[in-house]
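Participant: Read off the chains here:
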Amino acid sequence: MEKDQDKLLNDVTSGEYKYGFYTDIETDSIARGLTEDTVKLISAKKSEPDWLLDFRLKSFRQWQTMKMPAWANLKIPHIDYQDIIYYAAPRQRPALASLDELDPELKKTFDKLGIPLEEQKHLAGVAVDAVMDSVSVKTTFRETLAESGIIFCSFSEAVKEYPELVRRYLGTVVPYTDNFFATLNSAVFSDGSFCYIPKGVRCPMELSTYFRINAANTGQFERTLLVADEEAYVSYLEGCTAPMRDENQLHAAVVEIIAENNAEVKYSTVQNWYPGDKDGKGGIFNFVTKRGMCRGENSKISWTQVETGSAITWKYPSCILKGDNSTGEFYSVAVTNHHQQADTGTKMIHIGKNTKSTIVSKGISAGLGQNSYRGLVKVLRNASGARNFSQCDSLLLGSRCGAHTFPYIEVDNQTAIVEHEATTSKIGEDQIFYCNQRGISTEDAIALIVNGYAREVINKLPMEFAVEAQKLLQISLEGSVG
Amino acid sequence: MLIISNLNASIDGKSILKGISLEVKAGEVHAIMGPNGSGKSTLAAVLAGREFAQVTEGTVTYMGRNLLEMPAEDRAREGIFLGFQYPIEIPGVSMVNFMKTAVNEHRKYKGLEPLSASDFLKLMRDKKELVEIDSKLANRSVNEGFSGGEKKKNEIFQMAMLEPRLAILDETDSGLDIDALRIVANGVNKLKKPDNSTIVITHYQRLLDYIVPDVVHVLYDGRIVRTAGKELALELEAKGYDWIRKEVNNS
Ligand SMILES: Nc1ncnc2c1ncn2[C@@H]1O[C@H](COP(=O)(O)OP(=O)(O)O)[C@@H](O)[C@H]1O
Ligand SMILES: [Mg+2]
Chain A
2 MEKDQDKLLN DVTSGEYKYG FYTDIETDSI ARGLTEDTVK LISAKKSEPD WLLDFRLKSF
62 RQWQTMKMPA WANLKIPHID YQDIIYYAAP RQRPALASLD ELDPELKKTF DKLGIPLEEQ
122 KHLAGVAVDA VMDSVSVKTT FRETLAESGI IFCSFSEAVK EYPELVRRYL GTVVPYTDNF
182 FATLNSAVFS DGSFCYIPKG VRCPMELSTY FRINAANTGQ FERTLLVADE EAYVSYLEGC
242 TAPMRDENQL HAAVVEIIAE NNAEVKYSTV QNWYPGDKDG KGGIFNFVTK RGMCRGENSK
302 ISWTQVETGS AITWKYPSCI LKGDNSTGEF YSVAVTNHHQ QADTGTKMIH IGKNTKSTIV
362 SKGISAGLGQ NSYRGLVKVL RNASGARNFS QCDSLLLGSR CGAHTFPYIE VDNQTAIVEH
422 EATTSKIGED QIFYCNQRGI STEDAIALIV NGYAREVINK LPMEFAVEAQ KLLQISLEGS
482 VG
Chain B
243 MLIISNLNAS IDGKSILKGI SLEVKAGEVH AIMGPNGSGK STLAAVLAGR EFAQVTEGTV
303 TYMGRNLLEM PAEDRAREGI FLGFQYPIEI PGVSMVNFMK TAVNEHRKYK GLEPLSASDF
363 LKLMRDKKEL VEIDSKLANR SVNEGFSGGE KKKNEIFQMA MLEPRLAILD ETDSGLDIDA
423 LRIVANGVNK LKKPDNSTIV ITHYQRLLDY IVPDVVHVLY DGRIVRTAGK ELALELEAKG
483 YDWIRKEVNN S
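Protein chains in written order, with my numbering: chain A, 2 to 483; chain B, 243 to 493.
Honestly, the hints are just simulated from the structure, not real lab data. This structure is a prediction, so every number in the text was calculated from the model and none was measured. You may find that some hints are simply not true.
Simulated crosslink set (DSSO-like; lysine-lysine; CA at most 30 Å straight-line) [said to hold, decoys possible]: (1) Lys472/A with Lys350/B; (2) Lys427/A with Lys393/B; (3) Lys461/A with Lys427/A; (4) Lys434/B with Lys472/A.
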């Protein structure tokens, strides 16, 4: 009976990646390998100021002294860091005057991904920065945003046009010494998005970045910096895809968020990197450092993530709750199917008084997938009145997959209240049969149950992406039944 | 409507159904009675298409088609409804969402458009009244935290929503107090149409005071050992199952 159930679940959870196309566009890339010269070359290609080159070189030297972390519950194959191309850019005419000048192949890629790059699609109300391989291709809606003083552009442009802002905030939340992958990123990051919301401004639309790895053997190391000044509000969404390739590709991004007094930042991710095929061949290694600093009083940072892709995910979007009365939130759905592995969770560091944090993590494992939640709730001595609530749920589809929970709690203040709840459940053959008996196919039954299970998190996504995320969940778990 | 012929089925190699034959015609109500463990639920499960019991011999014809070849969801869409002896909880899936999916899958199968949200909600309201179910239940997760009685009423509510051609009610009466029993039975009777058939599986005769069967079968150790009119139920009530047991074992 166990066997039948596994077969059943196996049949419906063996769907394949639907974004695996490769676009044939000319790229400008440098030779494989990483030395100080590589770092200098990247910086030179981007005509960067000296302070930034110094930041990169400092990071590179630090990185050379570091080892890949081994504490995660992941089986990571050997990665040859000298066999990776650290810079690849779609070749195009410099300085695009309008969208019409965009490489048509590139535009086709973004059309396929459903990214609203075209001006008319601006009606959709989403401003998009699209990053292909290493370079930010186009930021839409810039002028509209500029009217309210909002800066939303590629990281490289920000370095050129707003160097003082970038310099003030870069590395203040994720220092260049932070961890192996963040340090690597600090040395070789190529592009990413920059966003600054000035005092008192509520950003009138969702801001969005789409990342795509296209070129072969390329690592993607994007850097995102998001600053909400006092009383500002912004909701930001990040999406990502990659072509299907037999070899693994490395993705090591850094995202830094700063929220000043009374500011609020919502950061949502729909992560759909290529997960590898059914047999575990290929797929993206996703080693990402995301951290937000609630620097001001009453500030708030929420992370919402729907993680369905990547062969390996190593990712802990975190909040440092420094300002008094500040709030951190983490809502996560992580799916592992086939041979995917995920070790993901969050850190909530309570420093200020009356700081609050909420963690809702929903893991879904199918096939041979391994899903770990790893979370740290730390309350420092002065954080009186700190409160945390954590809910970690695991859902298993079949009996060959795994779910693991590693909650760490460190409390140095007696007035703090920290609550942790965890559940593990399994989609039972009896539940599926009950649905079947009401005329619902097994595939639809699983979608119904999974979406019900993930609803609390999906509901936190901006409306227009909730539907997309729901579909993605379905796609990543379903395939052909019978 | 339904012709079962020499049906044999086993679970994990153990023979459970040992040559069952019976015919249910359109419009008939059949009762299947018998002591615990005699195979009543297994028979219901086989008819509904649950795969844990393997059919080793025999045939089942439903509306002229080989029922055993149809996947469970198609059997449901073709009008077979099973009221579960132990309804299953599905946390996180609201009754509204569950029923909307079920109703629309039935409609799709018939080539109909999905119901609009307002039509669907109206349908829910009407059917809820029919089985007197608390309207709050509809917003909760499927069967989660429902009392035993609520679960059984919820089965009849789903039956009302799906309007089956052949309803198989597996011990829908067990665990109900007399008021709930009356509500459930009334619901079933109100849903009865001249061409629809019902198989009522029950342990006790009391449900049959409300839902009057045309035929009563006694299932014992995987076999139908007696078939008669509704008076058989009364006889069983008076004498218990022991005399059946003795008779079968003696012969
Ligand atoms: N899932 C199962 N696995 C193994 N044996 C089962 C299972 N379900 C029922 N049986 C066995 O099948 C026989 C008939 O059970 P069942 O059909 O539930 O009887 P009834 O509904 O008449 O009480 C019993 O001996 C029971 O132990
Ligand atoms: Mg039974």
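Participant: Kindly indicate which numbered hints from before are broken by the structure, ordering the numbers from low to high.
Facilitator: 4
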